[in-house]
Amino acid sequence: GAGVSQSPSNKVTEKGKDVELRCDPISGHTALYWYRQSLGQGLEFLIYFQGNSAPDKSGLPSDRFSAERTGGSVSTLTIQRTQQEDSAVYLCASSLGGLPPEKLFFGSGTQLSVL
Amino acid sequence: GEDVEQSLFLSVREGDSSVINCTYTDSSSTYLYWYKQEPGAGLQLLTYIFSNMDMKQDQRLTVLLNKKDKHLSLRIADTQTGDSAIYFCAATSGGSYIPTFGRGTSLIVHP
Chain A
268 GAGVSQSPSN KVTEKGKDVE LRCDPISGHT ALYWYRQSLG QGLEFLIYFQ GNSAPDKSGL
328 PSDRFSAERT GGSVSTLTIQ RTQQEDSAVY LCASSLGGLP PEKLFFGSGT QLSVL
Chain B
36 GEDVEQSLFL SVREGDSSVI NCTYTDSSST YLYWYKQEPG AGLQLLTYIF SNMDMKQDQR
96 LTVLLNKKDK HLSLRIADTQ TGDSAIYFCA ATSGGSYIPT FGRGTSLIVH P
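For the record, the sequence lines run as chains A and B.
In short: position in the first sequence from 1, add 267, done, that's my numbering.
In short: position in the second sequence from 1, add 35, done, that's my numbering.
Extracted from the complex, chain B is given alone in its bound form (with noise of 0.2 Å):
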């Protein structure tokens, strides 16, 4: 089955650009995507990648996928400290209904 892997800590200074970086084994994801979870709070979608797409960008987040190397990356420009959150990564395969997620990236943001 799927299998998700993502560092589990990153800090940052605020203003600075944070990058998360994911990897996946399944080259037949269908769907890519990233999970924000803030204390005490359920996850909640922050943006997803198609896998025909290389590129995406919504505001200060920018995906970028790499199909080949199975490398799936966010990174957001002019890191406040109300981005200190946990990051998922997640995949579904083709044909699957269940995402299968990574242990979350910390995000830590410095003043």
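Bound conformation, chain A alone (with noise of 0.2 Å):
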């Protein structure tokens, strides 16, 4: 596609359920990244898949939190037992995997409220 995209767009959900969350980045990036945007909060660093590389995971906030990338291509977030201090909006990134990365291309976001 011409962009990064993310599915769904906005998820309210119930306190305790599980969210799978979508990022389909731009065909051929090599590199995919999950940030979290909170209210008043800057973009916080959640995972970042390089390649068939083993993922850095340093920025899971819990266990809670888990991301997978098949293929290379399209990942997946996935957060149990989700918590109201779960909300906020989750970004998906890709880039072609230089290092450091030159530009980061940015999806739209899923927008996730938690009851």
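Hints in this document: simulated from the structure, not taken from any laboratory.
Possibly wrong hints are sitting among the right ones.
Derived pair list, reagent style DSS-like, types lysine-lysine, alpha-carbon separation capped at 27 Å [as the list claims (entries may be wrong)]:
{"id": "1", "chain 1": "B", "residue 1": "Lys71", "chain 2": "B", "residue 2": "Lys102"}
{"id": "2", "chain 1": "B", "residue 1": "Lys71", "chain 2": "B", "residue 2": "Lys105"}
{"id": "3", "chain 1": "A", "residue 1": "Lys370", "chain 2": "B", "residue 2": "Lys91"}
{"id": "4", "chain 1": "B", "residue 1": "Lys91", "chain 2": "B", "residue 2": "Lys103"}
{"id": "5", "chain 1": "B", "residue 1": "Lys91", "chain 2": "B", "residue 2": "Lys105"}
{"id": "6", "chain 1": "B", "residue 1": "Lys102", "chain 2": "B", "residue 2": "Lys91"}
{"id": "7", "chain 1": "A", "residue 1": "Lys278", "chain 2": "B", "residue 2": "Lys105"}
{"id": "8", "chain 1": "B", "residue 1": "Lys103", "chain 2": "B", "residue 2": "Lys71"}
{"id": "9", "chain 1": "A", "residue 1": "Lys278", "chain 2": "B", "residue 2": "Lys71"}
{"id": "10", "chain 1": "A", "residue 1": "Lys370", "chain 2": "B", "residue 2": "Lys105"}
{"id": "11", "chain 1": "B", "residue 1": "Lys103", "chain 2": "A", "residue 2": "Lys370"}
{"id": "12", "chain 1": "A", "residue 1": "Lys370", "chain 2": "A", "residue 2": "Lys324"}
{"id": "13", "chain 1": "B", "residue 1": "Lys91", "chain 2": "B", "residue 2": "Lys71"}
{"id": "14", "chain 1": "A", "residue 1": "Lys324", "chain 2": "A", "residue 2": "Lys284"}
{"id": "15", "chain 1": "A", "residue 1": "Lys324", "chain 2": "A", "residue 2": "Lys282"}
{"id": "16", "chain 1": "A", "residue 1": "Lys278", "chain 2": "A", "residue 2": "Lys324"}
{"id": "17", "chain 1": "B", "residue 1": "Lys71", "chain 2": "A", "residue 2": "Lys370"}
Computed from a predicted structure; not experimentally measured.
Since each chain comes alone in its own frame, lean on the hints to assemble the complex.
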């Protein structure tokens, strides 16, 4: 596709439920990032994938959060037993994978609301 | 790890220049970026500067880098109402793939 695609754009869930957020990066981009943007906060790094290497999970806030990237392309971020503090915009970005990255291309994000 | 700080709000009149400031902590930062986020949208890269540069100009945008003070600024000349958005400063430390972002500066442009 032309850009990074994220779905759903909005998700409302009840506390305790699991959610899955999807990211479809730009074709040919080997690097994929997940960030979280909470109200009044900056972008908080969550997880980074580069090609077939083991992901950098150092930003995941708890073991309720996990992510996978299948076939080096689409990625899914899963939040188990959601809590109200998980409410945020979850942003996915991809890049060509150079070191350091010259440019990240961001999706429009998934607005997650946990009631 | 890297920490990036920026002021949260800036209000300017249309036609004036805007200057958004940012400080970072890691002196080994190699790339420094400015991203723009419009309402309901993801971030878009405006410009970036490599750490061996002091200044970069791109049309109405001027980026100044003071490595000694670890200070980065973005100047927008002739600011327009369409420039109203949140501007994020980001830095990538040497050897890192992962940019660290500031909290964003909300620029409000008054007619």
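Tested hints:
| no. | hint | result |
| --- | --- | --- |
| 1 | B:Lys71 / B:Lys102 | holds, 23 Å |
| 2 | B:Lys71 / B:Lys105 | holds, 21 Å |
| 3 | A:Lys370 / B:Lys91 | holds, 16 Å |
| 4 | B:Lys91 / B:Lys103 | holds, 17 Å |
| 5 | B:Lys91 / B:Lys105 | holds, 16 Å |
| 6 | B:Lys102 / B:Lys91 | holds, 14 Å |
| 7 | A:Lys278 / B:Lys105 | violated, 39 Å |
| 8 | B:Lys103 / B:Lys71 | holds, 26 Å |
| 9 | A:Lys278 / B:Lys71 | holds, 24 Å |
| 10 | A:Lys370 / B:Lys105 | holds, 21 Å |
| 11 | B:Lys103 / A:Lys370 | holds, 25 Å |
| 12 | A:Lys370 / A:Lys324 | holds, 21 Å |
| 13 | B:Lys91 / B:Lys71 | holds, 17 Å |
| 14 | A:Lys324 / A:Lys284 | holds, 22 Å |
| 15 | A:Lys324 / A:Lys282 | holds, 24 Å |
| 16 | A:Lys278 / A:Lys324 | holds, 23 Å |
| 17 | B:Lys71 / A:Lys370 | holds, 13 Å |
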